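Undergrad: Given next are the chains, with one letter for each unit.
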Amino acid sequence: MKSIKRKKYLVSKPVQFRYMGIVAVPLLVLLSGLYYLIYYSVFNEMLIPEAIAVTLLPAMKKVNMVVAISGPILIFAILKLALIHSNRIIGPIPRLEKELDKAIAGDYTIRVKARDKDELSSFINKINLLLEKIQERDEPGRSIRAN
Amino acid sequence: MKRSSKLIFLSVLILLSALSLCLAQAVYLKQFDFNDKDALKKWGEMVLNGKVEYELVKEGEEGYIRALSQGSASARYFRIGYKLKEYPIINWKWKALRFPDKSRAQTDKEKDDYAARIYIIFPYLNFSSSKFIEYVWAEDTPIGTVLESPVGNNVKMVVARSGEAREEFISESRNVYEDYIRAFGDEPRRSVGAIAMMCDADSTGTSAESLFDDIAIIRK
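Respectively, the protein sequence lines represent chains A and B. First residue of the first sequence? That's 347 in the numbering used here, and the numbers climb one at a time after it. First residue of the second sequence? That's 1093 in the numbering used here, and the numbers climb one at a time after it.
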């Protein structure tokens, strides 16, 4: 199977956006929850306002600064990874639909192209194998009809 | 006295004793008389800047807490959850033996040392909104003054006692609910989560000494 390069990552906006949401939102909720839980636990252990002001708040300020800088980068990286992964699943589907339309029209010579990292590559390989078998079976009849 | 009369008298006595016990429990949510030698072990310790020496001193059957800070600050706290509206009063006894020397302190932060403090802590889920009332023994501020804490707006210091060091224990009784409204201008939205006591002299780098006894949380 010929390996082809990915040109477009966003092939089906609603589905991929939903996928990115499913991955990114729970992750961000989890991270925010952990952030809160850690500080709340430390606060609950300290209790005394002077201790909180001297120890917890300066530490929180530093961490918040790091989060403010790295947070957008982290969110961008999570969304980018979710987009790439969603493309590996959803990417081949429009291509598959287009090629199968040709096969339905009678052209069994077509082959669906799959990329190495596509989640559906083995499924596409089987479709290509099926098309090959149909083409082999159809070839004698086609030659007779041509003669 | 007839036998049946004796029985009735005894029953009434038992009933009255049980009733008075119930009433005492209803009035007092918690009492710390520090007469038990292990009483201080139930109090947690939070070290802010070096350990303050807290020890339970026994004089016969009676006990009290002695706190000695030598340029240090640490508190002893007791976690107890209750609605302030139901138990608004806190009583305690204290004695300031030595005040931190603030003669060289310039800023509010440098002056933030007190021989004796009692804390009422209101933890919020959003912990940065948690509120704190501190009752302090100030040397030269009138009783009842509400001071802003250099620590933040959510901490209000109420001067519960003013003046020189004393030879005898001073009894205090404060309506925390009323003090809270006076200090924050609003009713407490959360329950009390803990109470604490502290003696500190870390900001001035001097020393302070105080005694605490008979802390009680009481229904109005």
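Careful, some of the hints might be misleading.
BS3-like, lysine-lysine: derived pairs with alpha carbons at most 25 angstroms apart [what the hints assert, rightly or not]: (1) B:K1201 to B:K1134; (2) B:K1175 to B:K1185; (3) A:K408 to A:K359; (4) B:K1201 to A:K407; (5) B:K1150 to A:K407; (6) B:K1133 to B:K1143; (7) A:K444 to A:K479; (8) B:K1175 to B:K1150; (9) A:K408 to B:K1201.
In case anyone wonders, no lab produced these hints; they're calculated from the structure. Predicted, not measured: the structure shown is a model, and the values here were computed from it.
Undergrad: Please go over all the hints and tell whether each is borne out by the structure.
TA: Hints and how they fare:
Taking the CA atoms of B:K1201 and B:K1134, the gap is about 31 angstroms. The hint is violated against a cut of 25 angstroms. For the suggested pair B:K1175 and B:K1185, the alpha carbons sit about 23 angstroms apart, so the restraint of at most 25 angstroms is met. The straight-line distance between the Cα atoms of A:K408 and A:K359 is roughly 38 angstroms, outside the 25 angstroms bound, and the hint therefore fails. Restraint check for B:K1201 and A:K407: the C-alpha separation of about 20 angstroms stays at or below 25 angstroms, so the hint holds.
Distance check on the hinted pair: B:K1150 and A:K407 sit about 45 angstroms apart at the alpha-carbon level, beyond 25 angstroms; violated. In summary, the hint linking B:K1133 to B:K1143 is supported, as the alpha carbons are separated by about 16 angstroms, within the 25 angstroms threshold. Distance check on the hinted pair: A:K444 and A:K479 sit about 20 angstroms apart at the alpha-carbon level, within 25 angstroms; holds. Distance hint between B:K1175 and B:K1150 is unfulfilled; the C-alpha atoms sit about 33 angstroms from each other, more than 25 angstroms.
Distance check on the hinted pair: A:K408 and B:K1201 sit about 22 angstroms apart at the alpha-carbon level, within 25 angstroms; holds.
Going down the numbered hints, you'll see the structure goes against 1, 3, 5, 8, while the others check out.
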